[in-house]
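Q: In case you want the letters, here they are:
2 protein chains.
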Amino acid sequence: MSEKNNDGRKATWIWYPGDFEIRLHEKASVRRRARGVMYPAYWRLDRHYSNVRFRYTYETAQEERIAIAAEGTFSVYLDGKDNYRSNAEALTLPAGWHELVVSVFNDAEMPALYIEGETVNTDSAWEVNSYQNDWVPAASWTFDSPDDRPSKFRLAVAAQEPKTIDFRDGYPLLDFGKETFGYLQFHSITGEGTVRIYYGESLEEALSPEECVSLDRFDASDAAARAQGGVYALEEGRAFRYAWIHADKGVRWERVSLLYEYVPLEYRSSFECSDPKLNAIWEMSLYTLHLNTREFFLDGIKRDGWVWSGDAYQAFLMNYYSFFDLDVTRRTLVALRGKDPVTMHINTILDYSLYWFISLYDYYLYTGDFSFIRQYYDRAVSLMEFCLAQRDGEGFIVGRPQDWVFVDWADLDNSGAVSTEQLLFARSLEAMSLFASLMEDAASASAYGALAEEVKEAALRAFWDEVKGGLLHHRVDGVTKPALTKHANMFALLYGYLSPERRRSVIRSVMLNPDAPRIKTPYMRFHELAALCESGEHDYVRREMLDYWGGMIDLGATTFWEEYDPSQEGGEHYGMYGMPFGKSLCHAWGASPIYLIGKYFLGVAPTSPGYATFRVAPNLGGLAYMKGTVPTGEGRISVEMDRSSIRVEASSGTGVLTFASAAPPACSEGEARARGDGTYEVSIEPGITYVIAYEAATIP
Amino acid sequence: MSEKNNDGRKATWIWYPGDFEIRLHEKASVRRRARGVMYPAYWRLDRHYSNVRFRYTYETAQEERIAIAAEGTFSVYLDGKDNYRSNAEALTLPAGWHELVVSVFNDAEMPALYIEGETVNTDSAWEVNSYQNDWVPAASWTFDSPDDRPSKFRLAVAAQEPKTIDFRDGYPLLDFGKETFGYLQFHSITGEGTVRIYYGESLEEALSPEECVSLDRFDASDAAARAQGGVYALEEGRAFRYAWIHADKGVRWERVSLLYEYVPLEYRSSFECSDPKLNAIWEMSLYTLHLNTREFFLDGIKRDGWVWSGDAYQAFLMNYYSFFDLDVTRRTLVALRGKDPVTMHINTILDYSLYWFISLYDYYLYTGDFSFIRQYYDRAVSLMEFCLAQRDGEGFIVGRPQDWVFVDWADLDNSGAVSTEQLLFARSLEAMSLFASLMEDAASASAYGALAEEVKEAALRAFWDEVKGGLLHHRVDGVTKPALTKHANMFALLYGYLSPERRRSVIRSVMLNPDAPRIKTPYMRFHELAALCESGEHDYVRREMLDYWGGMIDLGATTFWEEYDPSQEGGEHYGMYGMPFGKSLCHAWGASPIYLIGKYFLGVAPTSPGYATFRVAPNLGGLAYMKGTVPTGEGRISVEMDRSSIRVEASSGTGVLTFASAAPPACSEGEARARGDGTYEVSIEPGITYVIAYEAATIP
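These protein sequences, in sequence, are chains W and V. The first sequence begins at 5 in my numbering and counts up one residue at a time. The second sequence begins at 5 in my numbering and counts up one residue at a time.
Looking at chain W on its own, in the form it has when it is part of the complex (with noise of 0.2 Å):
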C-alpha cells in the first residue's frame, strides 16, 4: 500500500479520542520500581474503551476495493445491515453513496482502524463512538501505514556510550558522564552466573547496593539466549548517570552501551548572555526538561516517573519556552483528566485537579489550538462539576477527607478553606468560562464567568489582611486563621487578582519581607520568582537562580534536583522521603529559569491566543547582554539586548515591544512611544528587525 492516494488523501490509524492516551498512561504508571519491586501509581487507572465502532459515509461514483487493518478483532457492515458483516481484510465497497461501520473489539490495546482505498481512507473526518451515544470525530496522529500500529508506539532510542569506566572493588563502574535515561545493553556475553547492576543519579548512589532505588539483575546464559545480533538490552529503562555492575566469576563480555531513550525535540529556543553561569543554568534547565519530557511530562525521571497535574502545569509553561512540543502536552492533559466518573481529585490532590484547567488555558493561549479544546470540553465540564460539588457553605472550595490539598511541601496547615486554592478555583472557573464562549454556549460561559468573580471576590475579602498587608493562608469555619504564607499572595499578583495598592503591599509586605515564611521548593520557586518578574523584581530573580541553580552546579549537578538546601552537606544532598537516595536529581520542576528566562529576561509572551499578539518586554535584569529566541507556535520573536540597545524581530503576528530607558529611545524602524513611567513602547510588525537606541537605567 502506498502511503498517498490518488487524490492526495492519506490514511491513517484512527481510535477513540483520548484512548491512546490513555491506554500509555496506564502503562507508563506501573513503571516505578523501587529497588526491582513495582510501585504503580497511587490514583485510578483509567482504562481505553475495548469496544468501539467507526463509522464514515461514502459517495462514490464507481465501486471501490479497501484494505483494512485493525488492531483487534473487526468486522464490517454497509447500511446498518448489522447481521451481515465481513471481516475480510480488502473488500469492494458498492458504488453510490453508503454509510461503512467498523466495529473494533480489543481488550488487551487499544482498537484502532486503519482502511485505504482510493478515496475511502480512515481519518479525523470518520467518527467513533464507545456504544454510548457518544459519535465524535475518530483521534489520530502520526500512524500513517499500516505496519505503523498505535500499540508499538515508543519513543526514539539512540547508541550511548559510558564516558568512564572505572573499577571499584573490583567491579566495573560505567560514568555515562551526566544523567541519562535508557536501557544497558551487554554485547557479546558470556559465562554463567547472576549479573546485579547498581544504578545511581550521584556516583554514592551508585555505588550503595544495599540503599540504590534502582538496580537489575539478571541470568548471564539467559541473557546470551535471549541477545540480539549478539546484544542483550535490559528490558526496563532505568533514570542514572552511574551504574556499577556486579557480575559474578565467569561472566563476560565484550562492552556494555546504553539504549538511550528519548523524544526527539528540536530545542527550538536560544539564550546567551553575558553571565556564564545563567547560559549553564539555561542549558542544564533544557537538558533537565528534555529528560523528563518523554511519553508524557513526568515529575522525575527516576522518581516518580508519574504524571503529576501540578508538576506538569510547570513543564507545560516550560516548553512553550523550549521545544514548543504539543504533542506531549496534549497527551500529558489527555491522559491526566482520564474519564469520567470523576470520584477523586486530579492525582487525589485538589489543586492538582485545578491546575488542569490553568494549564488547558495556557495551552489555548499560546497555542491558539481551539480544536483541542472542543474534542475534550465534555471532560473539562465533569471534572469542574465534581470540583463545584465541593464548595463550602461559603462558596469555597475544600478538600473532603480523602482528598489531600497539596499547595507545597512544607509544614503548612491546609485544613478549612485554603487561600491558594480559591484563587486556583477562580482562575479555572475563568478558563472554563472561556471555554464555554469558544463553544458557543453563551449561558454557561456566562454562570461560569459569574462564579470565577464571586469566588474571587470572596477571597480576597475573606483572606486579606490589613496589617501583614497580605493574603492569609486559609480559614476555619468562617474564621480566617493568622497564618501567613507566601503562596496564594504570588497567585493573586500572577493572575493580576489584586489593586495597584495591594500588589505593592504583597510584594513590599510578603513578597520581599524577610521575615514571610522561606519557600524551600523549586517547585512553589517558580511561582514565587515569576510572581517577583511580574513585580520588576528581575535583579532580585537572577541573583536567585545564580544562588539556586548555581549552588546545584557547584556541587556537580548535571540536570536539576527535585529540592536543593544549601545548608545541607555532602550526601545528605540526596535523601529525602526517608530514603538515603529517595531525591530525584533529574526533576522537571527544576528547570523553571527556562520559563523565568524566555518570559521575563527575553520578555515574550502571547497576549491573543496562539501569539496572534504578543508582548516583547525585555528586561536585562542585571545583565550586561543578552540575546534568544521564544518560538511562538510555527514562527518565533528574537530579542537581543544590552544596556545600550534592543533588537527585536518577530517572524509571525503582532506585538508591541516594552522597556524602559533613562532616556528617549530611538527606533528607525517604527515608533518608540512614551508611556509617561519613563517607559517606552515600540510596535512590532512580522519580518521586521527592529533596533532600538536606549539608555538602561541604573541599578539603584
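There's no promise every hint is true.
Remember, identical chains collapse to one label, so a pair may be satisfied in a single copy or spanning two.
As the list claims (entries may be wrong) - Taking lysine-lysine pairs in the BS3-like style, the calculated list, with each CA pair at most 27 Å apart, reads:
1. Lys182 to Lys343
2. Lys343 to Lys31
3. Lys31 to Lys156
FYI, nobody ran anything at the bench for these hints, they're computed from the structure.
Could you slot chain V onto chain W? The hints should help.
A: Frame of chain W; chain V shown alone:
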C-alpha cells in the same frame, strides 16, 4: 500448599468486587458470530480495574511464613512503608500487629491475590480498593488453591456423541438429537484441504450453507498439527443440533464428537402431572433454561448470546423454580449493572434499567441474602440517580432520544410517558426503599418510598380509562392517548397496584378481552400468563401452555423458541430479523412454564425474604393430578394434589397452604381454617407432611 490450614481457615483468591463478573462479561459479550464474523454487544462494555491494592491487618504472636500468588505484577509492603516493597513469592511476616498491603496490577486479566499462611490467608476479611478511597471487602468465590486462578475460569465440559450421522450430497450430517452447545472435536484428522462446517438449530439451517448463522472453516493439516492427543477441538463454542461437514477430498477423520459445555446444575425442582404434554413442556423448559444458564443468563445460546436485563429478569424467576443457582444470578446482576458512570440505560433500554432493580428485589425476596445487596447498593443508588434524572415535568420517567423504550416486540407507539415504564419505575423505587432501609438509611428509604407512591398514584390517575376499564398505553405532552395495551395492566395486576374493582375490570375488560391487542412474544406472555394466574385463570393458562408451547413441541422443537406464530408454516418458523434462520430456537424466555407451574400450579412463593415464611396455593388448573417440588434455598417444598387430596411438606420455614374446596376439608396434621369465600388455609410447619382431604370445585 495445603488447602486447609491449622486453624481451619482457608485461603482463597480475592479481587475487587464485581471485577470478576465484569471481565467475564466483557469476554462473553464479543463471542457472538454472524457467519464467522464478530458481532459484539452494542452497549458500553465495562472493564476491570487494572490497578488495585489489598490490605489486611493481622496480629500474630510469632513470625509467620506466607506464600503469595498473584494474577498480575504485585508488590507487598508493611505498615505503610511503601518505599520498601517486596515481590518475593514467600515472605516471613513479623510477629505483632501489622498492616499488610499488596498492590496488584494486571491490564490483561483481573488482578487477584492468593496468600496462604498459618493464620494470614486471603479471604473476605481482606479489603481492596481501586485507588478511589473505596476500601471495600474483597470479593471471592470458589478459587481455593494457588493454581485455580480466576482468569482460568471456564464452564464444565463433557463429551457428547452425535445421535445419528446421515449423508447429504455426500457430506456427513450430524444430528445430536436435540439442541446443544459446545466445541466439535475431530478425532485423528488427516489429509490436506479445508473443512467447512454449517451448523443448524434446525435441519433446514444446517443444510443452508449460504444462510446458516453459525459456521466454521479450518485447514485440516493445521488442525492435525494442533490436535492434542489426536483430537482437534474447534476454538469457539457453537449452539446447534445439526452440523453438516463439508471437507475437501482427501481429508479424513476417525470420528467427530462434541465437547459439550455447560454449568453443572442440580435440577432442584420437579413436576409431574396427569397431562403428558405438560410434563414434556416442563422438561423441555428446564433444558431450555439450562442451556441458557452459562457464565450469565443469556437471551439465547445461538443469538444473541448476550446478557439482556429484561430477559434475565425472567430467567432469574425461572431459576428460583428450578436450579436455584445463585452464582449465575449474582454474576448476571453484577455484569448487567457494570460500572459508573451510567450514561445509557442497561442494554440501552429504559425498561431494562428498571428490571434490574426489580430483579435485585426478587433476589432478596427469594434468598434473603442481604450481603449481596449491601455489596452493590452504591451501584443501585447511582443507577437510580441516573433514572431519576430522566423524568418529565409530570414526574414520569421517559426515554431520551438516544434511549430505547422497548416494552415488547410489537407495533407499539412508545413516545412520551409509557404507562408500563411508570409501573416498573414505581416498583424499582419500592425496591430502592427496601434496600435503603436494609442499609439503615431511613431518610433514603422514606424518600424512595414516597417517590414510589407518587409515581404509582400519578400513573394510575393519568393512565386509567373508565370506559375501557384499564390502563392506557402512553401519554404525550400531558395528554393520555387512547391506545390500550395489556402491558401496563398486567404489571399493575402482578405488583398489586389495583383496587379490587379495578382488578376485576382489568381482568374482564383487558386481559380476557379478545378485542384487546394480542401479546405475541413469549417474552411478554410470561407476564401475561403470570398475571392471569394471579387472577385465578389457571385453567386458561394451562390451555395456553398446551397450545403455545405444545405447538412448538409438535413442530419438533427440542428447546423453546424466541417466538412462535402458529399461523406460520414450515421453514417460515425459523426466520426473524430479516434472516431466514435469524430466530433463536433456544431462548431463555421460552422456558417460562417453569415459573408458571412452580409459582402458580404448585403454588409456592416466599412471603418474606429467603422463604422464612411462604405461601403454598396449589391449583390444578384443570389437571386431574400433579406432584412437584420447589427449592426454597437450602430447603424445598413438596406439593402433591389431585381432585380430592393435597399433600404438602416443607423442609424449613413456616407457611400457609391455601386452596379452594367445595366441601369442608379435613387435615389430621393441622387445622383447615375457612376463609369464608370457599377457600381454606392450613398453617405449615417444617418437617411435617400435611395431608388434606378436600373436594375440588367443578370447573365451570
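Q: So, for every hint listed, does it hold in this structure?
A: Against the structure, the hints:
no. : hint             : verdict
1   : Lys182 to Lys343 : neither (38 Å within a copy, 47 Å between copies)
2   : Lys343 to Lys31  : both (16 Å within a copy, 22 Å between copies)
3   : Lys31 to Lys156  : both (13 Å within a copy, 24 Å between copies)
Hint compliance for this structure: hint 1 alone is broken.
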